[in-house]
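**Q** Keeping the supplied structure of chain A fixed, place chain B upon it in accordance with the hints.
Number of protein chains: 2
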Amino acid sequence: MATIGDICVSASINLLSALAFLFAFGILRLQPFNDRVYFPKWYLKGIRGSPTGSNRVKKFVNLDFGTYIRFLNWMPAALHMPEPELIDHAGLDSAVYIRIYLLGVKIFAPITLLAFMVLVPVNWFGKTLQARGPKDLTFSSIDKISISNIPFGSDRFWVHIVMSYVFSSWTCYSLYKEYKVIAEMRLRFLAAERRRPDQFTVLVRNVPPDPDESVSEHIEHFFCVNHPDHYLMHQVVYNANKLACIAAEKKKLINWHVYYQNKYERNPSKRPTTRTGFLGFLGNKVDAIDHYTAIIDNLSKQEAEERESIINNPNAVIPAAFVSFKTRWAAAVCAQTQQTSNPTIWLTEWAPEPRDVFWENLAIPYFDLNMRRLLMAVALFFLTFFFMIPIALVQSLANIEAIEKVLPFLKPIIEKPSIKSVIQGFLPGLALKIFLIMLPKILMTMSKMEGITSLSGLDRRSASKYYLFVLVNVFLGSVITGTAFQQLGQFINQPSTEFTKTVGSTIPMKATFFITYIMIDGWAGIAAEILRLAPLITFHVKNTFLVKTEQDRQNAMDPGSLEFATSEPRIQLYFMLGHVYAPVTPFLLPFIVVFFAFAYMIFRHQIINVYNQQYESGGSFWPDIHGRVISGLIISQILLMGLLSTRGTDKSTLVLIAQPILTLWFHRYCKGSNGEGYT
Amino acid sequence: MATIGDICVSASINLLSALAFLFAFGILRLQPFNDRVYFPKWYLKGIRGSPTGSNRVKKFVNLDFGTYIRFLNWMPAALHMPEPELIDHAGLDSAVYIRIYLLGVKIFAPITLLAFMVLVPVNWFGKTLQARGPKDLTFSSIDKISISNIPFGSDRFWVHIVMSYVFSSWTCYSLYKEYKVIAEMRLRFLAAERRRPDQFTVLVRNVPPDPDESVSEHIEHFFCVNHPDHYLMHQVVYNANKLACIAAEKKKLINWHVYYQNKYERNPSKRPTTRTGFLGFLGNKVDAIDHYTAIIDNLSKQEAEERESIINNPNAVIPAAFVSFKTRWAAAVCAQTQQTSNPTIWLTEWAPEPRDVFWENLAIPYFDLNMRRLLMAVALFFLTFFFMIPIALVQSLANIEAIEKVLPFLKPIIEKPSIKSVIQGFLPGLALKIFLIMLPKILMTMSKMEGITSLSGLDRRSASKYYLFVLVNVFLGSVITGTAFQQLGQFINQPSTEFTKTVGSTIPMKATFFITYIMIDGWAGIAAEILRLAPLITFHVKNTFLVKTEQDRQNAMDPGSLEFATSEPRIQLYFMLGHVYAPVTPFLLPFIVVFFAFAYMIFRHQIINVYNQQYESGGSFWPDIHGRVISGLIISQILLMGLLSTRGTDKSTLVLIAQPILTLWFHRYCKGSNGEGYT
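Here the protein sequences come in this chain order: A and B. With UniProt numbering, letter number 143 in the first sequence gets 143, and the count goes up by one each step, no holes. With UniProt numbering, letter number 333 in the second sequence gets 333, and the count goes up by one each step, no holes.
To be clear, the hints were calculated from the coordinates, so they are not data collected in a lab. Take the hints with a grain of salt, since some may be wrong.
[As the list claims (entries may be wrong)] For lysine-lysine, the following BS3-like pairs were computed, each having C-alpha atoms within a straight-line distance of at most 25 angstroms:
{"no.": "1", "chain 1": "B", "residue 1": "Lys416", "chain 2": "B", "residue 2": "Lys405"}
{"no.": "2", "chain 1": "A", "residue 1": "Lys405", "chain 2": "A", "residue 2": "Lys420"}
{"no.": "3", "chain 1": "B", "residue 1": "Lys263", "chain 2": "B", "residue 2": "Lys252"}
{"no.": "4", "chain 1": "B", "residue 1": "Lys285", "chain 2": "A", "residue 2": "Lys501"}
{"no.": "5", "chain 1": "B", "residue 1": "Lys106", "chain 2": "B", "residue 2": "Lys180"}
{"no.": "6", "chain 1": "A", "residue 1": "Lys671", "chain 2": "B", "residue 2": "Lys448"}
{"no.": "7", "chain 1": "A", "residue 1": "Lys448", "chain 2": "B", "residue 2": "Lys252"}
{"no.": "8", "chain 1": "B", "residue 1": "Lys270", "chain 2": "B", "residue 2": "Lys548"}
{"no.": "9", "chain 1": "B", "residue 1": "Lys326", "chain 2": "A", "residue 2": "Lys326"}
{"no.": "10", "chain 1": "B", "residue 1": "Lys416", "chain 2": "A", "residue 2": "Lys671"}
{"no.": "11", "chain 1": "B", "residue 1": "Lys433", "chain 2": "B", "residue 2": "Lys448"}
{"no.": "12", "chain 1": "A", "residue 1": "Lys106", "chain 2": "A", "residue 2": "Lys45"}
{"no.": "13", "chain 1": "B", "residue 1": "Lys542", "chain 2": "B", "residue 2": "Lys263"}
{"no.": "14", "chain 1": "B", "residue 1": "Lys285", "chain 2": "B", "residue 2": "Lys548"}
{"no.": "15", "chain 1": "A", "residue 1": "Lys285", "chain 2": "A", "residue 2": "Lys270"}
[Stated by the list, open to error] Residues from chain A shown here face chain B by an in silico Cβ test under 7 angstroms; the list is partial:
{"no.": "16", "residue": "Leu187"}
{"no.": "17", "residue": "Gln336"}
{"no.": "18", "residue": "Leu374"}
{"no.": "19", "residue": "Thr453"}
{"no.": "20", "residue": "Gln490"}
{"no.": "21", "residue": "Gln494"}
{"no.": "22", "residue": "Trp665"}
{"no.": "23", "residue": "Tyr669"}
We put the beta carbon where it would ideally sit given N, CA and C, even for glycine.
Next comes chain A alone, as it looks inside the complex (with noise of 0.2 angstroms):
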């Protein structure tokens, strides 16, 4: 165990890393060549231009030095911004995105306040570990304001249980008033837009094929004989790929000719030329303004013979369509009822916005559908527990040996010690780290195989499996040390009062090992979020390299957007972190009110200047949010049950069964009095 001095150490070098993530970010914002690294989405928005003027240096380096004595005023800058403008500016997503730092901060507060007033003091003078004597010096002070210091079978526990239930009662009652703030603004969001045609629009699919008619005719006899009063017109979806493919090509060729006619106006005596081969390089020389005139051209023609073909061929269509209504109620109805006696034909849902929708998905059938949810289902429980056997194997296979028989040339080098050192070093973790890498993408590929129909959904789908990875493989796997395969073996054998025993009774132990992880990845973590270090190296490097022309310019920016389905199952895990310690080690509290503090300072400040979302679902996903908190909440419940029981207070423990019993209901009644269709 660490003492307080080892966390003194490590809290102040994550501190001062983050502090110089900050200065560095401080000094580099105010360059204006960064300026578009840093202020991407006012670009985007058209109100940020780039720089002009006549001083070449002012172009790039910000020489006026009062500004560098106000390095820090984009802090508070960020947070100025009122709610309502926010919402107008980023959107309802990111505003409600950010509330969940806030609700962090809501909730871990005031638990942190009383569990340092009530438990800390308790713990204190609990005195199990100073009654060893001097000669245990292992025990540090971290542990004597725990509950390890609580002596076995004392009446001092019923502290802890009466906590455990304050801090329960106070996250559920922030968390009910939270829901009735963000379904409101939901609410108000909805209302206050301007008509888009989403809102009169239903997305159909699952058009059962008729030998008469094609499926346009089809869905038009269709909603005129069902919804004859309110039925608007629709709109087949075509499979266009090709033409998707030509567009694509049509864009780059533009790009170039842009880029040939700019520098013909900027040296109007010398018409540039090119080469037909190969990237430019071989071939004929010839014209380029003409040339790439001559290929657009060409390529228009076949655009425009591609979407003649496509319209007309009916096998291009897939029984899939919009149908929009004359008014919002007749949308809402069509969506929320069933419009045949066979529910697997004529699946109707609200259209998601035209921006959200997944087009590869329109298409599965029903029973392909139910196929898909099954396969993935079993790959994800696979993924989850056994992810760590293939990695294994490759690393098994990837050893210094291996390497040398396959690439015989490289054994001299290899085979320096120090050089051998460091490859054994590092190979075996280099393939648990690529697949951390790739993990999200494979986790988003699943949610695409599920037949998922708009990118929101993806997104929120991606997120609660990654959930689960992480509340197995990150939480459960740092207490219990041990693979999950090892873990459900555990799980499967023992009685399931001994798993949560054994996982209870390891919890104080690893307190200090979460502080110092919550210090890494939240602290110095969120801190290197906001230099934003990669997008700044590849906007410098394509900026230098291959920007042609403005467009390029535009498309070098990387504002990136708020990686839903990676970063909110990881601000959950701090959510489970804080409910599991708040009874058990209250030091560990302060750590997470700082990092959620910290970080909504940091995100709102990125979603103001920086991401630009691919879409706006209106918050939709907050239920996910309030559900998982919810399960993290009561797993935290069942542990401390599990902590207890092994500090030899049985029979008290059976108070706390209540706990996760009640909170299951209210997390059932919050779903019922917000309306379960809130999507």
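**A** Just chain B, lined up with the frame of chain A:
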């Protein structure tokens, strides 16, 4: 373990008693004075009347001996009525209900055939039991054809694994087909019905209070605004308990009036008299007809006043109403959609049939409803697992010493050895028996407290509670001897694999017990059902002592109804036994098939001739039945896994893991493809 001989004895006893019941029924049903006991449905339909004729004897005893020869011809008659006529005659609920038995035959007849063709030979030549030599004679022929005869770790278990998959697939296929058939029956039934008000009506609950308007006005305005084109009218619900009491009282008095009127008509020379005091025995002697006329007039006035005062009293209106629309479509839309942004008020659902409404529960607020559900879930848990505790308490109090203490004068009688042994054997069972008789009532009360608004919903809810009780206390309680409480302890303190192993390995040993159970409860019990001993006796007692008027005789008939809440979970037990034993002890299967076929015939007869359903829900209970058959199937699959893993086939049982997952998936698929909104 019982031998085949023992089972034959038991079978012959039960068969004989079943035949005796059937014979008695065959004779009794031919007697005209039992007509109202055995054919009440026809009386209620008005098709059959009291026998009239000059011969007094013929009115009571059937002297036409020709009919006695054909005394079993009710059996073909019961099967003769075609299904559409049956639906017309007895309602869809009843017709669907007996299809459960038919489903049992459809599932288990082929399974039995296959099991006897494949598994019995495989088991027979397993030769484990013979190998133990002639000394070990306790193993009977049943065990020779059960899985116990296969040697440890034999490859023959693969046959059982494959057959388990075949059985499960066949069950799922049958269920799938049956679901389709019943969904179609339901749709046809709903489409063919005459227009009924409840098809145009929605039940609205939790109408919020309004300071300026009455409930009725508030509802009127709300629906005029929100459904302007479709709203027709509404009917608020009054709290009219007092009025109901008066109406019941009046009905009773009118019956007495009719009685004296009849008496006077038969003997016009003497006007009947009565006394005004206690039960007509004390007080002044008055002219009976005048007396009752006067009281009835008085009550009628009171009734009118009460009705007036209820209608004018705004506090008598409860915040719920039946809202009718101009079209079925509009009602469907209103019932299926959320009315306001706050989903805890203006709750809408399809109105139950008028007969089906459970009036007491219409006025429960949303929060209370959630609270009640939570409390009832907890209560159900305790009832299921801890019901033995209060009974054991009662048993420990109600022993002979306690009786002697409280009622010392009984001492000389009780102390006699013969009586003492009877009481000692009888008393402990009495408390349990009383509890088991009370159980359906207790469960129904619990369902009522949950706030369900229709009788059909109450029945469905109670059935699912009873199913849990039967599963835990009858099935698991018989397999693992011990109370449910002890089982729960085992379940929690053992690893989950260990628990299934314990249960699984005990299963083959309990086969004979369950065979006996099936014969007693299934064969003789069902045969006793058709004899209707209790209604037979009560009818004749009432007819002799209490019946005064034709109205009274009508009331003395007790047609009863299909007790869905208690009988359906008992059928489910047979489904589960069949699935559990199909791959283990195929010898049990014929008993199940006979039960299903026999019960089908009996209940078909009963719904044609006897039962009078209280309500018609249109077979909306089918999803529950489907779900419970599936859950029984999954339990059987898990137990088979547990069993095989104790027989040295650890690896091959891995193949069985997929089975419950696939079954669960099938269940979800069926639910989706038959419409989750199937209510």
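**Q** It remains to establish, for every hint, whether it holds in the given structure.
**A** Checked hints:
Straight-line distance between C-alpha atoms of lysine 416 of chain B and lysine 405 of chain B comes to about 16 angstroms, which keeps the hinted pair within the 25 angstroms bound. In summary, the hint linking lysine 405 of chain A to lysine 420 of chain A is supported, as the alpha carbons are separated by about 15 angstroms, within the 25 angstroms threshold. Of the pairs offered as hints, the one joining lysine 263 of chain B and lysine 252 of chain B holds, with about 17 angstroms between alpha carbons and a cut-off of 25 angstroms not exceeded. Of the pairs offered as hints, the one joining lysine 285 of chain B and lysine 501 of chain A is violated, with about 81 angstroms between alpha carbons and a cut-off of 25 angstroms exceeded.
The suggested pairing of lysine 106 of chain B with lysine 180 of chain B holds, with an alpha-carbon distance near 15 angstroms, which does not exceed 25 angstroms. As the CA atoms of lysine 671 of chain A and lysine 448 of chain B are separated by approximately 23 angstroms, the hinted pair is consistent with the 25 angstroms bound. Restraint check for lysine 448 of chain A and lysine 252 of chain B: the C-alpha separation of about 70 angstroms exceeds 25 angstroms, so the hint is violated. For the suggested pair lysine 270 of chain B and lysine 548 of chain B, the alpha carbons sit about 18 angstroms apart, so the restraint of at most 25 angstroms is met.
Between lysine 326 of chain B and lysine 326 of chain A, the direct Cα distance comes to roughly 21 angstroms. Compliance with the 25 angstroms bound is thereby established for this hinted pair. With a CA separation close to 65 angstroms, the supplied pair lysine 416 of chain B and lysine 671 of chain A exceeds the 25 angstroms bound. Restraint check for lysine 433 of chain B and lysine 448 of chain B: satisfied, since their Cα atoms lie roughly 24 angstroms apart, inside the 25 angstroms limit. For the proposed pair lysine 106 of chain A and lysine 45 of chain A, the alpha carbon gap of about 33 angstroms is over 25 angstroms, so the pair is violated.
Between lysine 542 of chain B and lysine 263 of chain B, the direct Cα distance comes to roughly 19 angstroms. Compliance with the 25 angstroms bound is thereby established for this hinted pair. Using a Cα cut-off of 25 angstroms, the hinted pair lysine 285 of chain B and lysine 548 of chain B holds, with the two alpha carbons roughly 20 angstroms apart. Taking the CA atoms of lysine 285 of chain A and lysine 270 of chain A, the gap is about 14 angstroms. The hint holds against a cut of 25 angstroms. Residue-level restraint check for leucine 187 of chain A holds (minimum Cβ-Cβ distance to chain B is 5 angstroms; threshold 7 angstroms).
About 6 angstroms separates the beta-carbon of glutamine 336 of chain A from the nearest beta-carbon of chain B, less than 7 angstroms, and the hint is met. Given hint, leucine 374 of chain A at the interface with chain B, holds; its Cβ is 5 angstroms from that chain's nearest Cβ, closer than 7 angstroms. A hinted interface residue such as threonine 453 of chain A counts as satisfied when its beta carbon comes closer than 7 angstroms to some beta carbon of chain B; here the least separation is about 16 angstroms, so the hint is violated. With 7 angstroms as the threshold, the beta carbon of glutamine 490 of chain A stays out of range of chain B, its nearest partner Cβ sitting at about 9 angstroms, so the hint is violated.
Hint status for glutamine 494 of chain A relative to chain B: holds, with the closest Cβ pair at about 5 angstroms, below 7 angstroms. Against a cut-off of 7 angstroms between C-beta atoms, the interface hint on tryptophan 665 of chain A holds, since the closest Cβ of chain B lies about 4 angstroms away. Below 7 angstroms, beta-carbon pairs count as interface contacts, and tyrosine 669 of chain A has one with chain B at about 5 angstroms; its hint therefore holds.
Checked against the numbered hints listed earlier, the structure breaks hints 4, 7, 10, 12, 19 and 20; every other hint is satisfied.
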